[in-house]
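All chains should be built: construct the whole structure from the sequences, respecting the hints.
The number in this note's numbering is simply the position in the sequence shown, starting from 1, with 1294 added.
Check the hints yourself; a few may be wrong.
[Stated by the list, open to error] Simulated restraints on C-beta separations:
| hint | residue 1 | residue 2 | range |
| --- | --- | --- | --- |
| 1 | G1423 | C1325 | 31 to 39 Å |
| 2 | D1326 | E1419 | 20 to 28 Å |
| 3 | S1396 | N1341 | 24 to 32 Å |
Read the hints as simulated data drawn from the structure, not as lab findings. By construction, the Cβ of each residue, glycine as well, lies at the ideal position given by its N, Cα and C atoms.
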Amino acid sequence: MSDTQFLQQAINLAMENVRAGGRPFGAIVVCDGQVVASGVNQMLELNDPTAHAELMALRQAGQKLSRVKLDDCVVYASGQPCPMCLAAMRMAGISRVVYAYSNDDAAPFGLSTDAIAKALRVIPEQQSGLRFEQLKPNDETRSTLYQQWWERQSK
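Written out as structure tokens, the structure is:
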């Protein structure tokens, strides 16, 4: 199948989701030319702000492929992925994303995430609307939690 055909599948999922009362976002994950996972935006149905189409598809792909590294996969999305979804794709090792509609296309409908992307370009301590504080337990100079994890991984 071609990029256009895979992308159309993601758009079709989004359209089906709209008809079912959901938000207009769909995504698929393709590995070795085969669709291994799909997802639609389920934020409202699940009362979960992280239930974006891309994240739902990535979760399903990880489970189906029994791994968290998806560097040999491609994500096709109906809309330009938001910063959260992009971060998850980077953490999964995704190196290619194909999407249909941009933030500019989404803006007139209140669906653009461009403002969030711009806010995240500012270092966390200087972002407005969100206060960051670091408070290490017991005045630790080195993280005991991470050290314990590291030691268990080394065995």
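These are the hints, each one checked on the structure:
1. G1423 x C1325: 31 to 39 Å: With Cβ atoms ~38 Å apart, the hint holds.
2. D1326 x E1419: 20 to 28 Å: Violated, at about 43 Å.
3. S1396 x N1341: 24 to 32 Å: With Cβ atoms ~28 Å apart, the hint holds.
In terms of the numbered hints stated before, the structure departs from hint 2 and from no other.
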